[in-house]
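K.L.:
Now for the letters of each chain:
4 protein chains.
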Amino acid sequence: MALTGVLRPGHVQIRVLELEPAVKHYRDVLGLKEMARDPKNKRVFLKGWDEHDHHSVVLREADEAGLDYMGWKVDSEATLKKLAGDIDHSGLCQDLEWIPEGEHPETGERFRFTIPTGHVMELYAYRKIVGNGCGTDGDDMNPEPWPEGLFGIAPHRFDHCLLYGDDLDGTVKLFTEVLGFGLAEQVTAGPEGKLMIGAFLTCANKPHDVAFIRQPVKGKFHHASFLLGSWEQVLRAGDILSRHKTSIDIGPTRHGITRGETIYFFDPSGNRNEVFSGGYTYYPDKPVITWTEAELGTAIFYHDRKLNEAFLSVFT
Amino acid sequence: MALTGVLRPGHVQIRVLELEPAVKHYRDVLGLKEMARDPKNKRVFLKGWDEHDHHSVVLREADEAGLDYMGWKVDSEATLKKLAGDIDHSGLCQDLEWIPEGEHPETGERFRFTIPTGHVMELYAYRKIVGNGCGTDGDDMNPEPWPEGLFGIAPHRFDHCLLYGDDLDGTVKLFTEVLGFGLAEQVTAGPEGKLMIGAFLTCANKPHDVAFIRQPVKGKFHHASFLLGSWEQVLRAGDILSRHKTSIDIGPTRHGITRGETIYFFDPSGNRNEVFSGGYTYYPDKPVITWTEAELGTAIFYHDRKLNEAFLSVFT
Amino acid sequence: MALTGVLRPGHVQIRVLELEPAVKHYRDVLGLKEMARDPKNKRVFLKGWDEHDHHSVVLREADEAGLDYMGWKVDSEATLKKLAGDIDHSGLCQDLEWIPEGEHPETGERFRFTIPTGHVMELYAYRKIVGNGCGTDGDDMNPEPWPEGLFGIAPHRFDHCLLYGDDLDGTVKLFTEVLGFGLAEQVTAGPEGKLMIGAFLTCANKPHDVAFIRQPVKGKFHHASFLLGSWEQVLRAGDILSRHKTSIDIGPTRHGITRGETIYFFDPSGNRNEVFSGGYTYYPDKPVITWTEAELGTAIFYHDRKLNEAFLSVFT
Amino acid sequence: MALTGVLRPGHVQIRVLELEPAVKHYRDVLGLKEMARDPKNKRVFLKGWDEHDHHSVVLREADEAGLDYMGWKVDSEATLKKLAGDIDHSGLCQDLEWIPEGEHPETGERFRFTIPTGHVMELYAYRKIVGNGCGTDGDDMNPEPWPEGLFGIAPHRFDHCLLYGDDLDGTVKLFTEVLGFGLAEQVTAGPEGKLMIGAFLTCANKPHDVAFIRQPVKGKFHHASFLLGSWEQVLRAGDILSRHKTSIDIGPTRHGITRGETIYFFDPSGNRNEVFSGGYTYYPDKPVITWTEAELGTAIFYHDRKLNEAFLSVFT
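Residue numbers (my numbering), protein chains in the order written: chain A, 83 to 398; chain B, 83 to 398; chain C, 83 to 398; chain D, 83 to 398.
Hints were generated in silico from the structure; no laboratory data involved. Quick caveat, the model's predicted, so the values are computed rather than measured. Nothing false has been slipped in among the hints.
Where chains are identical, the list cannot tell them apart; a pair therefore holds if satisfied intra-copy or between any two copies.
Cut-off 20 Å, straight-line C-alpha distance, at most; resulting in silico cross-link-like pairs (EDC-like, lysine to aspartate or glutamate):
| # | residue 1 | residue 2 |
| --- | --- | --- |
| 1 | K163 | E259 |
| 2 | K327 | E226 |
| 3 | K327 | E375 |
| 4 | K276 | D222 |
| 5 | K164 | E183 |
| 6 | K122 | E100 |
| 7 | K327 | E377 |
| 8 | K388 | D331 |
| 9 | K327 | D110 |
| 10 | K327 | D386 |
Taking the hints into account, I'd like the entire structure generated from these sequences.
P.N.:
This is the structure:
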């Protein structure tokens, strides 16, 4: 009991148009640590400093930017098998597939499936623990609060994705009824506010681990987000992005949804990234927060109280 | 799945020598909201602003300061019944008892038990949700990030307790094997470092929800801690405490354990309080952090690298 | 020696279209303290909490928004007389005039003059010191770091104005050669970058006490700025502005010029306000920072690296 | 006018017992930049990143720790000559001496004198400006808000010293009447509170540029202080100090005097350092803040409200 089943977003594989500029962005500006390369599949594996697992971000060179897939760490092999069966039985997903151990370095077998909004998701139970570099005698003994040698923005970890797709109802049903997620916040529209157009879903205490916006597309990627420790680190991130002439979409500002503090910016292929901090502690018995369509702007950008042009139109 | 079973520390009942000075401290300086009084039992019920439930802190006038009990919110009545049975069958606890609905206002039946370190704990499944005051049209519609009218230090929520007791092994066994908690960090001592002298236990993503230090006493109370949103709020808390001439034990500083930022101070009855911020995201597959006895000072007060005199000797 | 002559911007009189909504904005949202009213001239006098003098902001009801005048505190009556003479002899100013003692409450005689960019400025040597409310036994004994009872955004003080006008050369000559200011930063344009289009002027250690942008207008008002203590207070200001549905122009963000952290927003009459924090320590021997026209966007909004539409077109 | 005469504390020469450990501390932990060495006199010259002048901190190997001298930058050669004469005529100082150009690298002639509390002070008008490394095309063009490659604590600048000595009255008279400083704050004691035991003196807008405590000693050194940009940087400083096992005296905490946020720590020779942030904007017409002896603890350490043992007894 306590925290079981799907534990967290464990990886995101992002398509980039050219690998080397992407690595420069994610490693040297964003400040993730490069962990491994897969030349055959033109992939690079990276992690945030406070992630204990081998990697969380995978860049893959491709002809088009966007999301290949998100992966979710589950608590055990037994849970992996059980959830694979549950997903199959739910009839909500397509293209179910087992990816063999080792297709990601230091990672076990993964169960892959396509959800109703067209995004590819994966579950896995094993990835090698490499530590966060804080411990002085092995990773887990007498650690410092943060490791030496951080550079760039240096987020703590990959945190969540926001995704655009059409069959929001099917995806929310899958996450809440099959995968055990909670609906922390929703945006509603339509007659009597009965159409859910945004869903912020969580598998633990964070205000979201993945979010979906209803849009008439399949499998689209709005952003991948990385966790910072404070609002001052968000300012510092903005400074570093500007110094490197990284294209900033919006921010620093606050979200209404999650209360988080944020900057949106773009990688060299046009994939949106976010660094954010803050947010509340979610519990499954917390009432669902509902944002009405009239307050959508405030929900997304709390200070401006309106969407910027890019929010709905720019994605990969 | 995801977050189930024991969800969080839901209440702490603290004994105070005089009710009115205690209320002035917890309400007017610490900035909790007074929610109800129980004159018959000389009790006052309060909550932090970001807690949705009716109350979390209970002050009870008594001849001696200290902890009456901590209470834990579980996810359902079924879980409450199941855990009550599991605790009974474990043989680890004493004085098992059902407290009837309504003994706390707006709260259902509670299952009470005494753990091996001598502390009284409770489980409960129902407390009225009153909201956090951020929503403009009902609590859950289009909320602001924080409510108007905050005063005092205004912590977000009651966060955890640190407790002193003798049978640490029994208590850790109960929390990890029966109640589903994870051991986030431990302090070890003795020959080959095999004696656990401190245990930091969590039921979700926080680095601790309750902690125990092995001391040759039963049922003692080191501190109750309240969550702040930033290190700057810790500074502001220090300023408010000083203005009110509240006795500060130590801080602002950082803990090695949890990485949290902290001030310890005392209520008028000598019970220790903490306000803190920060800390990492715990997951059950994270390696246990081990602090050796030689680094105990660093573990507790990271900047000073040594315990202050009060840490081990002053408790209630 | 040390700090003499013109000490600081001491007041700004702002025209507002309706007095009561303006007071609600400057007092209840911005959080200045109302100090006095002048019903005959439809004026309200306010101050920031850490200003020791009686008032710094004057709101005057008028048919058109904008700046009536800025006033500068000088170190003595002798300096006031001397600078009045110097201004007269410089031939740079028009409409020289002595305003009698008491026209502002608790304020001595003021010397008024119109500078080459068309703005009205004043010098004065006396205003009653009322204190900042931090002292517990009289204002200056054993003070707390900040007073109780702050509300709204609660800036420390009125800090500077940014003004638009045509004869920038004349105004810069006046401030640097007659009034003893330093040029901390400039923006240049034109052939060989020889045309100064922005001047950031300081009379002490702050990176600016007044700034001018060359625009083909006379006496226009871009914003009045108020000092906050930290970037976290800038976030909090943004939250308070949003809660009150105050129109935010841009921010939170960082300026390239001054390095300050900022939000721009509008009072109900359309006058722009700023709250900001940070910035470096200026000394008169520091090299002048020069921004080229190509980097004007970065100079103003360091993260976006471009001007927003309102910056050049919206002023009063 | 405006800011003239003595502009700022420009250098401090500190005696250290061994040069290499001292350099490791001031360069690698504190994060000053090494600028030059003087092997003959066993000296190393360093600066903070936001100082434009060639150096500000001088370490000299000697048999005893302590302060050799502080140096003050004045606005011109004419002022240097004038103040040298004024100091001579005041009769307050001893051992007046001109130090030839070049005795410090990149520095003009210095006028040296011993003040009534026994400290050696210097005035100088010229030091080569080397810039702060923020500009992209020469130091002063289109600068970034902070330079790349900062390491260690990386304070902005050398800020002030606190010194212990006996003839406080003579020294205060010198600084206020001859050198043009303002008395920002004082601590008083004795019958009717008429004995000044602490004086906090400023030559510009900072709450202090040098401070003196009356103690029955001559020429003693309490600490040299370095400026940080925020309270979060003070926390980070504490973390870096702890990681390097630097001896921390006290903090992070807030001073009552100046309102500044602080950590005190020791260099390997036992000289006390401080990093601090915050504080108010001083003006010469601000009332002097007076702390009574009963509140001395609060004045120094605002949160603890009492002195720690080392404050009065440990100095070099």
